[in-house]
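For reference, the chains in residue letters:
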Amino acid sequence: QKEVEQNSGPLSVPEGAIASLNCTYSDRVSQSFFWYRQYSGKSPELIMSIYSNGDKEDGRFTAQLNKASQYVSLLIRDSQPSDSATYLCAVNWDSGGYQKVTFGIGTKLQVIP
Amino acid sequence: KAGVTQTPRYLIKTRGQQVTLSCSPISGHRSVSWYQQTPGQGLQFLFEYFSETQRNKGNFPGRFSGRQFSNSRSEMNVSTLELGDSALYLCASSLKGNEVGSPLHFGNGTRLTVT
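Chains R and W are the protein sequences, given in the same order.
Offset between the first sequence (1-based) and our numbering: plus 392.
Offset between the second sequence (1-based) and our numbering: plus 1496.
So that you can see chain R by itself, here it is in the shape it has in the complex:
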């Protein structure tokens, strides 16, 4: 069973601060990694994808991947109250030519004005 671990939170940060969300996974052959944001009562939406070691930046969001440590993180700079949501880490791997995906339980982020 492939596992994806996230701290469920809530993680509280003041407005304007950097929010750091972390995710660890158990399978070394995992190949692609995604962060989804889910507002309360809404469905998850993709915000970042990362496939290789290092950092990937998109606006205020930076995804970091370290495959050796089996660790992926999401940094949100200049956090805004509108960033308050649950952030889901998803890990994909190849299984017989098609992908399987496992989600973490999600970290609830609260940005305090």
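These are calculated hints, taken from the structure and not from any lab test.
No experiment lies behind these values; they were computed from the predicted model shown.
Hints are all accurate, no fakes.
Straight line, CA to CA, 20 Å or less: simulated EDC-like cross-link-like pairs of lysine to aspartate or glutamate:
| hint | chain 1 | residue 1 | chain 2 | residue 2 |
| --- | --- | --- | --- | --- |
| 1 | W | 1553 | R | 486 |
| 2 | R | 492 | R | 437 |
| 3 | R | 492 | W | 1548 |
| 4 | R | 459 | R | 419 |
| 5 | R | 434 | R | 475 |
| 6 | W | 1592 | R | 486 |
| 7 | W | 1592 | W | 1548 |
| 8 | W | 1553 | R | 395 |
| 9 | R | 459 | R | 449 |
| 10 | R | 500 | R | 395 |
| 11 | R | 448 | R | 437 |
| 12 | R | 500 | R | 470 |
| 13 | W | 1592 | R | 437 |
| 14 | W | 1553 | W | 1571 |
| 15 | R | 459 | R | 397 |
On the provided structure of chain R, position chain W as indicated by the hints.
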């Protein structure tokens, strides 16, 4: 381009009944996956269909079943409903589903309440 469409948005059923949920993927997407989301368990994978074939199945009892039609639309059926089946059921589509790295696009979900 229209997103993933799920119907109905809300359902209230009683124990022992059955229910059918519908999902229309994004045009051109051939892979459809179903998830159950509850506060304590997070997103739990139910099954995935690709070109009308179930390719992958999660650890749910046989009361949960699904199918996919030739136009990629999918339905999910739950028979003999139990109180524990109350959840948000999410459908997600992806372009091919057979390439690692294909992100999922979620519908708005169906909120099922079993009384």
